[in-house]
Amino acid sequence: MESVQPKIYQLMSNVFEIPVEEISEDSSLDSIESWDSLRHLNLILAIEEEFGITIPDEEVGNLVNYKLIELIINEQLGKH
Amino acid sequence: MENLKYSEILQQNKILKEKIKGEPFKVSILANVTVSSFKEIAEYSLRLNGINPAVEIGNFDNIVQDTAHCRDANMVIIFYDMLNIADNIAVFFEDMDDAAIQQVEQKIYKEIDLIFENLAGIQTVIFNKFSSLLFPSGFLQSTKLDHFVANLNAYLEKKAQRNVSLGDINKIITKLGARQSFDARFYNSSKAPYTLSFFKEYISIIEPVVFRITGKLKKAIIFDCDNTLWKGIIGEDGMTKIDMSPTSAYGKAFFEVQRIAKYLSRNGVIIGICSKNNPADVEEVLANHPGMLLKNEDIVIKKINWTDKVTNLREIAKELNIGIDSLIFVDDSSFEIDLIKKQLPEIVTLQVPTATYEYPAVVQNYIYKYFDLNSSEEDKKRTAAYKQEFQRQDESAKFQTIDEYLASLEIQLNIIKDDNSQIPRISQLTQKTNQFNLTTIRYTESQVEKFMKEENSYVFSASVRDKFGDSGLTAVCIIIENAATSATVDTLLMSCRVIGRNIEIFFMDHILNFLKEKGYDTVYAKYIPTAKNPQVESFYEKMGFNVNKTENGVKYYSLQTEDYQGKKVGYIKTAAVQYN
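Here the protein sequences line up with chains A and B, keeping their order. If you use our numbering, the first sequence corresponds to residues 1 to 80, in order. If you use our numbering, the second sequence corresponds to residues 81 to 660, in order.
Derived from the structure by calculation, the hints contain no laboratory data. Quick caveat: nothing in here was measured; it's all calculated off a predicted structure. Since no wrong hints were added, every one of them can be taken at face value.
Which chain A residues face chain B? A few, computed with CB under 8 Å, are given here:
1. V15
2. L41
3. N42
4. E50
Ideal Cβ positions, reconstructed from N, Cα and C, are used throughout, including at glycine.
This is chain A alone, in the form it adopts within the complex:
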């Protein structure tokens, strides 16, 4: 399967308004200063739109770092 990483990096860069180079596999709520609750909402919306998936309700609050985001996206994409 095509790696989702570049797309996620781009989304995070757009939503959090930071250069894409500053995003890594270790990026998380703690390392990105502009990651607040409203932007978190926008990030989820952007991910859903970009990948054409719906993130389950109970997962929305869990997606607090890059690795978890990648995991759930792949999980949802795999369902199709």
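Take the given structure of chain A and dock chain B to it, following the hints.
Just chain B now, kept in the frame of chain A:
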């Protein structure tokens, strides 16, 4: 916009942010629900229109209080959502008795009053109507909530002042469907009910308001003929085969489009024809085809020839004396549409859809987007006025000098000061006039009203008539007093319909004499250059003003009234002067 993903919008925003500078246009979004993702979408749309946005989202569920703090905003958008109103009530809405419902109703009425009062000075307010569409309701029986919402909306309609537009979000929800508009997950977790699709649709629906503010509304719609005004090709199919009949499957769409065009021509929109055909063929259809609704008297300008459409459309704009970006062009041929898109990207183009049954609706959507049709009586006269203009141009060939010609027109002006009945038209002129406009400041009706009411400002208008007809209210001048002895010309503009007759000189002369008599020693004025108004850059010099300084292209003038000699325009008369 609808085609861009949210993330792409964010990315475009970053790029456009660097390009679009200038005085920020302040938008405050006040809501009782979370609308944070709307900010970027709104900013993007404004930037696409060349406006540098400063969008601010108010505090959550703090609409009334926030209206007191956003008085310097250019535009305020209010999402007062029924969802959260219902949430804030302790019991299930349908469980309330009438008295309890009335109590809530009264509270919201009061809030609406306060909101409108606080925002009275804001140029443009968009208040979304309340909606019950996101609440389940019986098919055969409406709910208490349905009634409640209807009452609130009736109240809004009653109380909305001139600066308030009521947004009908039901239309968005109906178009997208409730599932595409509303996301219960995020409503429950973050009180954010609306989807990205909803906001994208919302911003495109309110674009006309932005066009109005920025003077980007269109003035003319130019139709091709074959397969655009009728089904078929007149040069090949002939009079009997072309079809625009309301009772034929293919003709009906064209019949409806003609009906819309006819309506537009009666409401101040210029209708034109630009078609590759033998002129005689089209003229025959216009004059004698029994199915034609559009008649010669509805059509202001015709270019029926074999010249390319780029040249023709350029000439149309020139002859009508309007900017080329004031045109919408409708054609069935993708070749012609692409050519115009490439060569004249300022023109909005509309290609007749291959599914012609969709054609009337597509035209109507363009109309709502690009024209301001709930407008004044003046517009209705405009088609007639443009036609008279062509008669006038024909007459000009018969005279030796322009002055002789102008004298033969028997031009008469009605000059009126501070007449309330003229507010809508005056506001509209400040918003639409680009070429003969010295400062290009846009005013809403409530702002014009204020100028009229206040002691230290005057709003003059001139209505122009000649032997061919009535051009209506076509010139506006707003004067603001600085001190007891000096005044400033804040706005001076004239519709392009009456350019070239020295009406502006006659009008300004009248006003300068008025100011002199009122005891003002000095009159200040300025010229603010735009892409469209170079023709007036030396107007004040012509009137005898001195240039005091020039800064960033803006020329600052003054005139000592005791030195003012007066400018005579011998062939214009004042029919009436009325000061209120």
